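K.L.:
What follows is each chain in one-letter form.
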Amino acid sequence: MNTWLMILIACAAAYALKLSGFFVPASVLERPRIARTADLMTVGLLAALVATQAFTTGAQLVVDARLPALVLAGALLALRVPFIIVVIAAAAAAAGLRALGWLG
Amino acid sequence: MGPYKDSKARDPRIAAATRSGVAVGIAVSLYGVSFGALAVAAGLDVWQVCALSALMFTGGSQFALIGVLAAGSVPAPATTAWSAITAATLLGTRNALYAIRTGPIVGPGWLKRLLAAHWTIDETAAVSTAQPTPEARRAGFWVTGAVIYVGWNLTTLIGALLGDLLGDVRAWGLDAAAAAAFLGLLWPRLKGLQPVAVAICAAVVAAVVVPWTPPGIPVLAAAGVAIVFGLTNVFGHRKGRASA
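Each protein sequence line maps, in turn, to chains A and B.
Those letters in the first sequence? Residues 418 to 521, by our numbering.
Those letters in the second sequence? Residues 427 to 670, by our numbering.
The hints are simulated quantities; they were obtained by calculation from the structure and are not laboratory data.
In this text the structure is predicted, and so the values were computed from the model without any measurement.
Heads up, the beta-carbon is just placed ideally off N, CA and C, and yes, glycines get one too.
There's no promise every hint is true.
Unchecked claim - Covered stretches of chain B, as calculated for chain A (at least 3 residues, CB under 8 angstroms):
id	segment
1	562-572
2	612-620
Unchecked claim - So these bits of chain A aren't anywhere near chain B, every CB distance computed over 10 angstroms:
id	residue
3	V445
4	G475
5	W519
What the hints assert, rightly or not - Between beta-carbon pairs, the in silico distance windows are:
id	chain 1	residue 1	chain 2	residue 2	range
6	A	R450	B	W536	54 to 64 angstroms
7	B	E561	A	N419	25 to 35 angstroms
8	A	L446	B	A442	24 to 34 angstroms
9	A	L496	B	T658	40 to 50 angstroms
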């Protein structure tokens, strides 16, 4: 698919969702199933993205320098280190391991 | 701050709302650098990356879109492109729930509401709903939205230009940075047994189906798992039984 077309469709959908909330009565938020499912879907999507970003290359499951970098990121997040530093540290860890020729 | 000149400017609650809006806005804007760099690494050009921040303007969905793309190639085949759109859209559904709360905060006026819808994201919803008075909620919403909108787009551009300079994604560890970025977005949501169980199941399902499906489908399969958890409330809170 044309990349611009994909971007514009996704942006239109994101805006439509935001706007739709203005037309929904507040009572919807009192239904726990809706709020819970939306929360958990966010968790599920992000967790799946962690897994696919960390452990796949194309259609293959691989373990490489991304694994120790991800473990480091988890440790830093547990220590409440700010997001941007966690991201930079993970990149540096993976880049460093690869520069040393370890884990690829 | 047009409406808040004169006497209201000295209202300490509005001043507090403004301060938290600025603080949250600046902190969050810094993520834009990582988004910009990773989006370029995923194969988008600088203009496309900037368009995403300006027009989509919801970080989780933007990261999801480029995350799915990064697993394949750009321009993406139709299955992958639609998976990327769907993943981004599913991650954007929480904004609809935020808008239910921010709508009344913003008040009437069509142009204002059209802009407010665009700026309804995690941070504007969090800062505005946390304020004690209607005026402070309104100030919190607009200040947070304006600071993040300007900051996020600026830092996205900086990140995209940096990403263009870096070139080789793997040598700079940008693939690991993407995984860490998703973990960073996920982390604050892992409170309680249920979200942790969903996260583990979703990650395992996504990894297991990767070899058998086109890029993007694993992420959607994991979303399906999460929806089943949400509808059935497995591992959820029950009366008289605290979750871990």
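K.L.:
Can you confirm whether chain A covers the segment 562-572 of chain B, using C-beta to C-beta distances below 8 angstroms and requiring at least three such residues?
P.N.:
violated (count 0)
K.L.:
Does V445(A) sit more than 10 angstroms from chain B, CB to CB?
P.N.:
Non-interface label fails for V445(A): nearest chain B Cβ at 6 angstroms, not farther than 10 angstroms.
K.L.:
Find the nearest Cβ of chain B to the Cβ of W519(A) and say whether that gap is larger than 10 angstroms.
P.N.:
The claim holds: W519(A) sits with its nearest Cβ about 13 angstroms from chain B, beyond 10 angstroms.
K.L.:
For the segment 612-620 of chain B, do at least 3 residues have a Cβ located nearer than 8 angstroms to some Cβ of chain A?
P.N.:
As far as the segment 612-620 of chain B goes, the hint holds, because 5 residues have Cβ atoms under 8 angstroms from chain A.
K.L.:
Taking the beta carbons of E561(B) and N419(A), is their distance inside 25 to 35 angstroms?
P.N.:
46 angstroms, violated
K.L.:
Check the following: the C-beta atoms of L496(A) and T658(B) are separated by a distance inside 40 to 50 angstroms.
P.N.:
With a Cβ separation near 35 angstroms, L496(A) and T658(B) fall outside 40 to 50 angstroms, so the hint is violated.
K.L.:
Verify this label for me: G475(A) is non-interface relative to chain B, using a Cβ-Cβ cutoff of 10 angstroms.
P.N.:
7 angstroms, violated
K.L.:
Can the suggested window of 24 to 34 angstroms be confirmed for the beta-carbon pair L446(A) and A442(B)?
P.N.:
25 angstroms, holds
K.L.:
Evaluate the given range 54 to 64 angstroms for the C-beta pair formed by R450(A) and W536(B).
P.N.:
Since the Cβ atoms of R450(A) and W536(B) sit about 32 angstroms apart, the hinted range of 54 to 64 angstroms is violated.
Taken one by one, the earlier hints fail for this structure at numbers 1, 3, 4, 6, 7, 9, listed in ascending order.
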